[in-house]
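Below are the chains, spelled out letter by letter.
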Amino acid sequence: MANSYETSEFRNGLKVELEGNPYTVTYFQFVKPGKGTAFTRTKLKNLITGAVIERTFRTGERLDAADVEEQEMEYLFNDGEFHHFMNKESFEQVAISSPSIEDEAKFLTENLGVYVLFYKSKPISITLPPFIESRVVYTEPAVKGNTSQGATKQATLACGASIQVPLFVDQDELLRVDTRTGEYVARVK
Amino acid sequence: MTLDPALLRARAAVLRALRGWLDHQGYLEVPTPVRVVCGALEEHLETVDAAGRPLRTSPELALKRAIAAGLGRVYEIGPCFRAEEEGVHHSLEFTMLEWYRVGAGTDELMDEVESLIGAAAEALGQRPPAFSRRRVDSLLPDDGPGAADAWFHRWVDAVEPQLTAPTIVWGYPPWQAALARVRDGRADRFEVYLGGIELANAFAEEGDPAELRARQDAANLRRCAAGRAPHPVDDAFYAALPAMPRCAGIALGVDRLVLALTGAPHIRAVQVR
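Going line by line, the protein sequences match chains C and S. The opening position of the first sequence corresponds to residue 1 in our numbering, with each subsequent residue numbered one higher. The opening position of the second sequence corresponds to residue 1 in our numbering, with each subsequent residue numbered one higher.
Calculated from the structure, these hints are not laboratory results. All values derive from a computational prediction rather than experimental measurement. The C-beta atom is built at its ideal place from N, Cα and C for all residues, glycine as well. Hints are supplied without guarantee of correctness; some may be wrong.
Calculated Cβ distances over 10 Å to all of chain C for the following chain S residues [said to hold, decoys possible]: (1) R19; (2) P31; (3) P33; (4) V88; (5) V102; (6) D111; (7) R133; (8) R135; (9) P161.
Each pair of labels, with its calculated beta carbon distance range [to be verified]: (10) C:I53 x S:E86: 21 to 31 Å; (11) S:R133 x C:T59: 24 to 34 Å; (12) C:E6 x S:P128: 53 to 63 Å; (13) S:Q162 x C:E70: 29 to 39 Å; (14) S:L139 x C:D170: 52 to 62 Å; (15) S:G20 x C:R176: 51 to 61 Å.
Take these sequences, add in the hints, and give me the full structure.
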């Protein structure tokens, strides 16, 4: 990897290598103290552990690009220890240890298209589509005509997620869910 | 870029409050040129070139000549320019308020800037912020001038993010004096933080032309060593200095004040861009 980025090229989503770990830039800010030189203050999210660190770099400092690549893949199944995905064109299959994608896994349903992130050719994480559709497998019976704003109840979805839904939602209904916030969006007819 | 009328109205209200406060305190508004002989004296300020001359990074040199000419308390609100500065709190073109109080020191200016910011807050229907005052070396121990970069790195990395409450920091290491007097081994200088944003910088003004010229030469040598062009020498400024009475001066970023008071997300949001 000869590729590297200077502080002025920092952007949100940029993937960089720091102390042997891949990070994505989630925040960057140009700062210049009163009588001093310029710096770039950043927040960096570890692509493997998800931990966020704060680092300040001198203007002009360079960081190596992280050796990462993203592939569009389809979710296959979960064997209890690993989640398995397949590239639809090459039919290549990869497995990611389940705990490392715990937050995303609850929205996975068979054949769902996701982006798998590879670091040094090893799959380390996935990015879900922003919205998924999933059927309600359990919720308290719907309260007819209750459209009061804000009132919610719990619903368990076929994909495994448990989310808050409005009171009028009934069992077996298909829902649209925002995977970034884990929030109910709408019923799908 | 879409303009936000509410933020621009807030900016107008703040500007009106600033001028009202300055008029009430007996400050005289003195407009000075934007395109100047010397745009900055400090090592780390970069100027914008305008047809062979720099644009000012602050109105400091011209206002000091006005004070030396006997104008007394003076101020200016106007555009200033700093190249290579763009960010959430930085804008190449920005509005600076600078005021000078003759016969006073930094203690009086601390009271004044608190009162002025209070007036701006009240103009937006807010309560005046209550400032605490902290010595710089109580926040970060001094290193020698040779470690300037490391000192600033720690300041930006570890100290500044903690200055979220309204704070005045004072008593800088002597190698950060810029144009301030050095007294008892400390630069008689302070900075003002509001909402985590550095708003203002104040000096008890050094009046000795030989001392300031020596500082400019030293800064220019370091600039040349770093491959930067030296800042030109403003002869009229140095010639006027002996007539300048003892005074203290402060520069306040108006865009940043509006930003800090309104909680706007970016300095551009309070400017017409």
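Taking the hints in turn, this is what the structure says about them:
Consistency note on S:R19: stated as away from chain C, and its beta-carbon is indeed over 10 Å from all of that chain's, at 25 Å minimum. Listed as a non-interface residue, S:P31 keeps its Cβ farther than 10 Å from every Cβ of chain C; the least gap is roughly 25 Å. Even its closest Cβ contact with chain C, about 24 Å, leaves S:P33 beyond 10 Å, as expected for a residue assigned away from the interface. S:V88, annotated as away from the interface, has a beta carbon of chain C within 10 Å; the closest lies near 5 Å.
No Cβ of chain C approaches the Cβ of S:V102 within 10 Å, the least distance being about 24 Å, so the stated non-interface status holds. No Cβ of chain C approaches the Cβ of S:D111 within 10 Å, the least distance being about 21 Å, so the stated non-interface status holds. No beta-carbon of chain C comes within 10 Å of the beta-carbon of S:R133; the shortest separation is about 16 Å. Residue-level check passed: S:R135 sits 16 Å from the nearest beta carbon of chain C, beyond 10 Å.
Residue-level check failed: S:P161 sits 8 Å from the nearest beta carbon of chain C, not beyond 10 Å. Our hint of 21 to 31 Å for C:I53 and S:E86 holds, since their Cβ atoms are close to 25 Å apart. Roughly 30 Å separates the CB atoms of S:R133 and C:T59, a value that falls within the hinted 24 to 34 Å. For the hinted restraint 53 to 63 Å between C:E6 and S:P128, the CB-CB distance of approximately 42 Å leaves it violated.
Between S:Q162 and C:E70 the CB atoms are about 37 Å apart, so this pair conforms to the stated range of 29 to 39 Å. Between S:L139 and C:D170 the CB atoms are about 59 Å apart, so this pair conforms to the stated range of 52 to 62 Å. Between S:G20 and C:R176, the C-beta spacing of about 54 Å keeps the proposed range 51 to 61 Å intact.
Against the hints set out earlier in the document, violations occur for numbers 4, 9, 12.
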